[in-house]
Amino acid sequence: MGVVSVFGNDIDTFYNKLLEGESGVTPIDRFDVSSFSVRFAGQIHNFSSEGYIDGKNDRRLDDAWRYCLVAGKKALVDAKLAISNSFGFGGHNGVVVFAPFKP
1 MGVVSVFGND
11 IDTFYNKLLE
21 GESGVTPIDR
31 FDVSSFSVRF
41 AGQIHNFSSE
51 GYIDGKNDRR
61 LDDAWRYCLV
71 AGKKALVDAK
81 LAISNSFGFG
91 GHNGVVVFAP
101 FKP
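For the sequence shown, full-length UniProt numbering assigns the number 1 to the initial residue and increments by one for each residue that follows.
If you're looking for bench data, these hints aren't it; they were derived computationally from the structure.
It should be emphasised that the depicted structure is a prediction, and the values quoted were computed from it without experimental measurement.
Mixed in with the good hints, there may be bad ones.
No more than 16 Å apart at the CA atoms, straight line, and that leaves these computed lysine to aspartate or glutamate pairs for EDC-like [unchecked claim]:
#1 LYS17 with ASP54
#2 LYS74 with GLU20
#3 LYS73 with ASP58
#4 LYS74 with ASP12
#5 LYS73 with ASP10
#6 LYS73 with ASP54
#7 LYS74 with GLU50
Quick list of simulated restraints, FRET-style, between CB atoms [to be verified]:
#8 ALA82 with ARG39: 19 to 25 Å
#9 ARG60 with SER37: 31 to 37 Å
#10 ILE28 with CYS68: 18 to 24 Å
#11 ARG60 with SER23: 28 to 34 Å
#12 LYS56 with LEU19: 36 to 42 Å
Beta carbons are placed, not taken as given, at the ideal position from N, Cα and C, and that holds for glycine.
I would like the entire structure built from these sequences, with the hints used as guidance.
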């Protein structure tokens, strides 16, 4: 499993915060929200893609892609898999991205 979340970027922290019932929603501090009706969100703080994405590509990606790539690479490490591993006919690797949205 690989996690990048409002609770932290490791499985143990994420799991423990969920069990404690802690909310990851805080006042938005990444940009000016004075013109928005909603001023709270689940923001990811203290995130670093160092060691997961090279500098040139890191600068080209937006935050959502950085989060996905880092979480995916952490999941591969946790599962002790390499992208080059072959599962034979019909085998697949996958990544699930959960980002709830309500229009």
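Hint check results:
no.: 1; hint: LYS17 with ASP54; result: 30 Å, violated
no.: 2; hint: LYS74 with GLU20; result: 24 Å, violated
no.: 3; hint: LYS73 with ASP58; result: 14 Å, holds
no.: 4; hint: LYS74 with ASP12; result: 13 Å, holds
no.: 5; hint: LYS73 with ASP10; result: 12 Å, holds
no.: 6; hint: LYS73 with ASP54; result: 13 Å, holds
no.: 7; hint: LYS74 with GLU50; result: 12 Å, holds
no.: 8; hint: ALA82 with ARG39: 19 to 25 Å; result: 43 Å, violated
no.: 9; hint: ARG60 with SER37: 31 to 37 Å; result: 32 Å, holds
no.: 10; hint: ILE28 with CYS68: 18 to 24 Å; result: 21 Å, holds
no.: 11; hint: ARG60 with SER23: 28 to 34 Å; result: 33 Å, holds
no.: 12; hint: LYS56 with LEU19: 36 to 42 Å; result: 39 Å, holds
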